[in-house]
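Protein chains: 2
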Amino acid sequence: MPVSQTNLAGDLLLHLGRPGDGPLHERVKRALRAAIRDGRIEVGTALPPSRQLAADLGCSRWAVTEAYGQLVAEGYLEARTGSATRVRWSNAPDADSRRRAARQDPVARFDLAPGLPDLRAFPRRRWADAVRAQVTTAAFTEFGYPPPGGHLRLRRLLAEYLHRSRGVSATPQDVTVCTSVTDGVRRICHALRADGITAVGVEEPGWTRLREVIGAAGLEPVPLRADGGGLRTDELAGHPGLRAVLTAPAHQFPLGTVLVPERRAALLHWARQVDGVVLEDDYDAEFRYDRRPVAAVQGMDPSRVVLFKSLSKILSPALGIGWMVAPPRWTEHLHRADQAATQPSTLDQLAFAALLESGAYDRHLRACRKRYRNRRDTLVQALADQLPGTPVSGIAAGLHLILRLPATVDTAAVVRAAAARSLRVADLAAYHATEDHADHGLVLGYGNLADSAVHEAVRHLREAIEEGREGTREGSR
Amino acid sequence: MPVSQTNLAGDLLLHLGRPGDGPLHERVKRALRAAIRDGRIEVGTALPPSRQLAADLGCSRWAVTEAYGQLVAEGYLEARTGSATRVRWSNAPDADSRRRAARQDPVARFDLAPGLPDLRAFPRRRWADAVRAQVTTAAFTEFGYPPPGGHLRLRRLLAEYLHRSRGVSATPQDVTVCTSVTDGVRRICHALRADGITAVGVEEPGWTRLREVIGAAGLEPVPLRADGGGLRTDELAGHPGLRAVLTAPAHQFPLGTVLVPERRAALLHWARQVDGVVLEDDYDAEFRYDRRPVAAVQGMDPSRVVLFKSLSKILSPALGIGWMVAPPRWTEHLHRADQAATQPSTLDQLAFAALLESGAYDRHLRACRKRYRNRRDTLVQALADQLPGTPVSGIAAGLHLILRLPATVDTAAVVRAAAARSLRVADLAAYHATEDHADHGLVLGYGNLADSAVHEAVRHLREAIEEGREGTREGSR
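Residue numbers (this note's numbering), protein chains in the order written: chain A, 1 to 477; chain B, 1 to 477.
Hints should not be assumed to be uniformly reliable.
Computed spacing ranges between beta-carbons, pair by pair [said to hold, decoys possible]:
hint	chain 1	residue 1	chain 2	residue 2	range
1	B	371	A	450	48 to 54 Å
2	B	193	A	365	37 to 43 Å
3	A	406	B	72	48 to 54 Å
4	A	275	B	220	28 to 34 Å
Hint data in this document are derived by calculation from the structure and do not stem from the laboratory. None of these values were measured; they are calculated from a predicted model. Heads up, the beta-carbon is just placed ideally off N, CA and C, and yes, glycines get one too.
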């Protein structure tokens, strides 16, 4: 119900808050503004003279004139000489929007969804120490705007690291720091578009989010099949005009295969012929358990490849640190003001640089490699024990594997049945852009699965698969 | 000069590096890969049998077969049964790109360019402590992907803070954490475009970077004049079809004026009539020295305004933390996967939340307000002493003021002459989209000017202005 001039003081007193909430004139102003905004005082209402309201509220006249003056400046009130101060503005808020409750995804007890590293293993102390060391010793100028491609110290160390570990050929200037692989792909897509490129080949199946990012940037994602040898480069010929392709040569997602040598060469040959570019998603290439990782395709032709990596699979996606290596042809666009605005904190860039420089990053990688290899072995053994005859595919690498299921199992039903057991798994079909595919199974990520939970998780998975089988049978009746 | 099969061992020995660089087979592989990539071994060259190369290098045969095998997998070599292993690939690198030197902007001795807070005053210890406290106590699940709009704890605290300090009306869900005002504007532009909006009104003069961001997002920036009363809302009528406008009502940049009450109301009236949206750049509104800051326009109609803020003017642009308040109509797009990928580190979000919660942020703001007010007073006095009769304009607020100069002074020459004295200042003309304007002067930022340097900086500025005057005289001869 609207408040008239006469009961305004009462309404304000109800909303004045406590003395600890600030000086009285502030509290008067806030209460009056809220009364206007919430529609409790209508437009055109004349406010009581300041002397009268001050008396009613038991405050100084100054506090009221101060509040009136402020709200006039803000446009809520209007004051005319020789006339009462009146309400100029009113807006009833959207009460529903205020009541929407906070929603957070419930945390699954068993996390077998792909995409996460071991969150329990984040080197908390080392990170906090690295940040402190950088924050306390950095020159004050480091607290200004970072250069467009990121802090040069980090870019130099990344160029060295990528050369040493991934065979990447890059100067520090070729490295651009971004917030994630997704951010990097988003940024390069805008650069490609500005260069007249209208479509990007994507692996089918492939990482759904990057396909969405390509579409959101106004480019057409063109599915190209992937198989046991990685991306089928022979499909490139079927798309004349295509000049860009996104692929994960070291470890195809989700199939878990490696791009075979013939196709590596064919891919670059194609890129040269069409004056094109290969977007190399090198997301988890450090984790190979049976042999040394295959080097990046980027090293074979740095002028034709943009490489993307991040800390999301190595340390944590919460850090929001990624980087890309791009030929000079693209870097100018990547460093444009609108693109460069999405950079991780300079302090975090310097902390990461310190971890690279001290060797702590390499030690962390070695420890992770050992942990994930063991966990993968345990998981594969548990699957063989509990689900005999159900084949596992994908090379011994990364943070996920594929559990192949017979076509008689409803994989979507398995995912739902697993969720009901607080077990997160992913349906292989979810990574296909089309319905037309032969792959049938689950993608199991073991990065964030507690070692102690592997056996129990697989037991729950077996039960969920049993339900999926029954669901299919029921469905076919 | 290419290396033949016979002198390959010699070339590799030169590039093997030291034992500390890793296991021998790794070093062989790296040297061989580099020899191929740098074009020292040509495509088609047959490599020596592994036994022979091992003898030449003085290593085990295993080390050589391991290296060959790896490079076959990577596509550099090809192995055919019964035939020598041959080089499949070669690529001479772009030597020029490798030699490009690191470039960093030289740091000016006197920083009077607008846009920076006091970088010397960054609360280093408090920030490091806050990060450490959050990193060491956060639940392990916090190291996963943050929710699309940012961490809910920060969003709740920001909604409270904005309500208290800026009269903003928002639920935590209305707040989206981004990396900067630039990033926020970039993101909303993509949302506007998806909604069919093709142009955005911008203030003339105005902040150039945001104009560029609007253009880069594929929208047309439409200049609307600003004057002593802020944005001239009467100009909106001259652009039928316009449905979005970007403005800084609390403190127009660069003019330093406040949007007057009549225009605040007119702006929202227009937005309702055209079903449009006001983009409110609230970049430095906390810093008002003569009175309490005018509340945000957002509070007058939360359904029609998107508000942008960041830590860039409060703590440091190096942190890469910004936030925006948007009506539900836009948040869905803002939280899309490609948009949400550009988020600051969750750990930094939590550290910032802790500063808000403990009151440290408010204390920091109060200290800044006092420091900047004093510095502004000192600067204004120094300008009056050294450049008598040269008017200063802009309200007592924010981190910059305008020094008006007569049309006889070549302001571009002044900026150059100042730079030669290691003094950074900005030409007011640089913030105009068109040549056609009456404003003539310099924009002086005092945020990052050392208190002790104010007088010396103004002396240098006076000399630079003298030169600009002479330059004009010479030019007119």
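Honestly, do residue 193 of chain B and residue 365 of chain A meet the 37 to 43 Å range at C-beta?
-> Given range 37 to 43 Å: holds, Cβ gap about 41 Å.
At the C-beta level, are residue 406 of chain A and residue 72 of chain B separated by a distance inside 48 to 54 Å?
-> Once the Cβ atoms are compared, 36 Å apart, the range 48 to 54 Å for residue 72 of chain B and residue 406 of chain A is violated.
Given a hinted range of 48 to 54 Å, is it respected by the beta-carbon distance of residue 371 of chain B and residue 450 of chain A?
-> holds (50 Å)
For the pair residue 275 of chain A and residue 220 of chain B, does the Cβ-Cβ distance stay inside 28 to 34 Å?
-> holds (31 Å)
Violated hints amount to a single one, hint 3; each of the other numbered hints is respected by the structure.
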